[in-house]
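*Asks:* Given next are the chains, with one letter for each unit.
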Amino acid sequence: MKSLAELEAIRKATLSRINVRKEEKGETTRVVVGMATCGIAAGARPVMLAFVDEIQKRQLQHVTVSQTGCVGMCRLEPMVDVYVPGQEKVTYVHVKPEMVPRIVAEHVVNGRPVEEYTIGAADNN
Amino acid sequence: MDIYRAHVLVCGGTGCSSSGSATLIERFNEKLAENGLDKEVKVIRTGCFGLCEAGPVVIVYPDGTFYSRVKPENVDEIVTEHLLKGRKVEHLVYTDHATHEQNASKALEDINFYKHQHRIALRNCGVIDPENIDEYLAMDGYRALEKALTSMTREQVIDEILKSGLRGRGGGGFPTGLKWKFTYNSQADQKYVACNADEGDPGAFMDRSILEGDPHSVIEAMAIAGYAIGASEGYIYVRAEYPIAVKRLTVAIDQAREYGLLGENIFGTGFNFNLFIRLGAGAFVCGEETALMHSIEGKRGEPTTRPPFPAVKGLFGKPTMLNNVETYANVAQIILHGAEWYASMGTEKSKGTKVFALGGKINNTGLVEVPMGTTLRTIIYDVGGGCPNGKKFKAVQTGGPSGGCLPESLLDTPVDYDNLIQAGSMMGSGGMIVMDEDNCMVDIARFYLDFIVDESCGKCTPCRVGTKRMLEILNRIVEGKGEEGDIEKLEELAKTIKATALCGLGQTAPNPVLSTLRFFRDEYEAHIREKRCPAHHCQALLNYSITDKCRGCTACARVCPAGAITGEVRQQHHIDTTKCLKCGACMEKCRFGAIIKA
Numbered sequence: 062m063k064s065l066a067e068l069e070a071i072r073k074a075t076l077s078r079i080n081v082r083k084e085e086k087g088e089t090t091r092v093v094v095g096m097a098t099c100g101i102a103a104g105a106r107p108v109m110l111a112f113v114d115e116i117q118k119r120q121l122q123h124v125t126v127s128q129t130g131c132v133g134m135c136r137l138e139p140m141v142d143v144y145v146p147g148q149e150k151v152t153y154v155h156v157k158p159e160m161v162p163r164i165v166a167e168h169v170v171n172g173r174p175v176e177e178y179t180i181g182a183a184d185n186n
Numbered sequence: 018m019d020i021y022r023a024h025v026l027v028c029g030g031t032g033c034s035s036s037g038s039a040t041l042i043e044r045f046n047e048k049l050a051e052n053g054l055d056k057e058v059k060v061i062r063t064g065c066f067g068l069c070e071a072g073p074v075v076i077v078y079p080d081g082t083f084y085s086r087v088k089p090e091n092v093d094e095i096v097t098e099h100l101l102k103g104r105k106v107e108h109l110v111y112t113d114h115a116t117h118e119q120n121a122s123k124a125l126e127d128i129n130f131y132k133h134q135h136r137i138a139l140r141n142c143g144v145i146d147p148e149n150i151d152e153y154l155a156m157d158g159y160r161a162l163e164k165a166l167t168s169m170t171r172e173q174v175i176d177e178i179l180k181s182g183l184r185g186r187g188g189g190g191f192p193t194g195l196k197w198k199f200t201y202n203s204q205a206d207q208k209y210v211a212c213n214a215d216e217g218d219p220g221a222f223m224d225r226s227i228l229e230g231d232p233h234s235v236i237e238a239m240a241i242a243g244y245a246i247g248a249s250e251g252y253i254y255v256r257a258e259y260p261i262a263v264k265r266l267t268v269a270i271d272q273a274r275e276y277g278l279l280g281e282n283i284f285g286t287g288f289n290f291n292l293f294i295r296l297g298a299g300a301f302v303c304g305e306e307t308a309l310m311h312s313i314e315g316k317r318g319e320p321t322t323r324p325p326f327p328a329v330k331g332l333f334g335k336p337t338m339l340n341n342v343e344t345y346a347n348v349a350q351i352i353l354h355g356a357e358w359y360a361s362m363g364t365e366k367s368k369g370t371k372v373f374a375l376g377g378k379i380n381n382t383g384l385v386e387v388p389m390g391t392t393l394r395t396i397i398y399d400v401g402g403g404c405p406n407g408k409k410f411k412a413v414q415t416g417g418p419s420g421g422c423l424p425e426s427l428l429d430t431p432v433d434y435d436n437l438i439q440a441g442s443m444m445g446s447g448g449m450i451v452m453d454e455d456n457c458m459v460d461i462a463r464f465y466l467d468f469i470v471d472e473s474c475g476k477c478t479p480c481r482v483g484t485k486r487m488l489e490i491l492n493r494i495v496e497g498k499g500e501e502g503d504i505e506k507l508e509e510l511a512k513t514i515k516a517t518a519l520c521g522l523g524q525t526a527p528n529p530v531l532s533t534l535r536f537f538r539d540e541y542e543a544h545i546r547e548k549r550c551p552a553h554h555c556q557a558l559l560n561y562s563i564t565d566k567c568r569g570c571t572a573c574a575r576v577c578p579a580g581a582i583t584g585e586v587r588q589q590h591h592i593d594t595t596k597c598l599k600c601g602a603c604m605e606k607c608r609f610g611a612i613i614k615a
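The listed protein sequences correspond, in order, to chains X and L.
According to our numbering, the first sequence is numbered sequentially starting from 62.
According to our numbering, the second sequence is numbered sequentially starting from 18.
No lab work stands behind these hints: they were computed from the structure.
One or more hints might be untrue.
Said to hold, decoys possible - Each computed EDC-like pair below joins lysine to aspartate or glutamate, with the alpha-carbon atoms no more than 16 angstroms apart:
1. L:Lys56 - X:Asp114
2. X:Lys118 - L:Asp19
3. L:Lys164 - L:Glu148
4. L:Lys506 - L:Glu542
5. X:Lys63 - L:Glu43
6. X:Lys73 - L:Asp19
7. X:Lys63 - L:Glu281
8. X:Lys73 - L:Asp151
9. L:Lys88 - L:Glu43
10. L:Lys164 - X:Asp114
11. X:Lys63 - L:Asp151
12. L:Lys548 - L:Glu496
13. X:Lys63 - L:Asp271
Sequences and hints are given; from them, build the entire structure.
*Replies:* This is the structure in structure tokens:
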């Protein structure tokens, strides 16, 4: 038999798991990983899995991870676009799995892009 | 419990299951494993999405791409293109019948079929995995039971249902709250809650879809009802012809028991409630409440007179509250969101929403839920997409064998209990069968009466003998042997049966005849007086002939089983109507459209 608190915990955990099926326009933060041949070759799959992992760890709701094709700047792959509602799109380049926790913590959760990982920073170097 | 970046929802309702969705699920799992995606993408079997016509239906989230008519060989493409590389498989994406628009990036709610719908009873169908209680919990499941048990008195629960204006969805339209109150007021050492899932109307499948897609919503509501009226046991009477519904219901009850949502001392409040399933053997009359309860008791499924009503003396002689599946599916939402929220939808006397099963000559065959007061025109044209192949709409049959046929002139009737009765039909359980110009209304009436004669339990004479006599007259009429005075005889029989039959089945049995007589009397008259079927449907009244478009190819003569067609090669052929069997084989074979029937 489950207590009320246990039921609540199940609700919360399951909700973050099936959250991906909700179509909430304008409320959802989208993490889009470039997964064309160039992206996959540069290591996009572990990056994407790292995002999924991190979202699960934090039981984040209203965040989805999806893929997209090649945008033409194959030299900068793996690339990740983060769309936070109400903010401009931010593009991260040369993303590695170990960079993911920081992007999620600072940008996805707190709305502050990690400047040093963005395409703007990469172009200045 | 892991997070997956994408969910592939495959419909596991009856419609899609019979068009092969189980194979799709296997194939998806195989292909995902092959491509190393099985840790990233999850395949879920859900309940009915409603758009059965386009089945099997597959929806891919997070983007919400709606694939229709997916075949096993399409699965590879969806996996390698969409799931691996993120490119939608455009040619499989659902296309709207009317607008030819593709749902490329649009959300489900933007498709015409869903746009006019408001899903309360079907809220979880096609969204959650019905065999996983956690997913039901996540959609605020069992929160209403928690609220009722921990913060509401029994009287408050009944009052909330009463104020919501919810009426019985099985067809009668009796105020649900009143039923609860009557059973609550009955004094007894044991009371029962029962659920009528013996859906028997031809073409109705809303209860089936709710049980298959969201069984917990019924279980939760029955527990709430048990608390309200003071019952510790409940029975769900479901027909054995619904194997998927029975299986998911069994799984759901087991899971609820395991979580302590059914059983002893629920939420530590001292409230006990247990549920049992009873299978019906498919007799239509067992949907009648007294017959249903006899069947649960193990007796012969025959109705008895009321009063006493079940609220006073029902199952095993104890006060029993019997509601329909769809009625229960609304209860948890009312408790959770309040009576006012529910009563804000619908018409003055019919609140909330109603699920309809669209069938017959309609583009979007399937299940829809719309607010009460939506017009028939909106349901049939905007949601249902109108009649296929450009045929002209003739009538819509509502309410099953107890209901009636409404013609085009009544299409702007806002649908609710009282309006439909006034129009000469009834709500019934919510089947809607659309007919076009090719349907003969006399034959439709004959079809329903044939069903009634088959299903009459035989206990009372008006139903057993009366409907049989009516059927005989109708059979004569469609065979071209109708006589002057047949219509009057039908009307007299109908009146007598309505007034004297024992149960609801018999009392409403003549309705299909009465309503077609009311709106399509001219068709009856054409059959009887002119021996002509205006819809060119009744075989016995058809005459095939060959026009001068005939090129003398001899194809028709060769296919005719009766040797009724004669003619020289390259000369116009001729049909001997005395030999013709009216099978229509020649017409199908003719490549020049030279054969006509009239």
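*Asks:* Run every hint past the structure and note whether it holds.
*Replies:* Tested hints:
no.	hint	result
1	L:Lys56 - X:Asp114	holds, 11 angstroms
2	X:Lys118 - L:Asp19	holds, 10 angstroms
3	L:Lys164 - L:Glu148	violated, 24 angstroms
4	L:Lys506 - L:Glu542	holds, 14 angstroms
5	X:Lys63 - L:Glu43	violated, 33 angstroms
6	X:Lys73 - L:Asp19	holds, 13 angstroms
7	X:Lys63 - L:Glu281	holds, 12 angstroms
8	X:Lys73 - L:Asp151	holds, 10 angstroms
9	L:Lys88 - L:Glu43	holds, 12 angstroms
10	L:Lys164 - X:Asp114	violated, 34 angstroms
11	X:Lys63 - L:Asp151	holds, 12 angstroms
12	L:Lys548 - L:Glu496	holds, 9 angstroms
13	X:Lys63 - L:Asp271	holds, 14 angstroms
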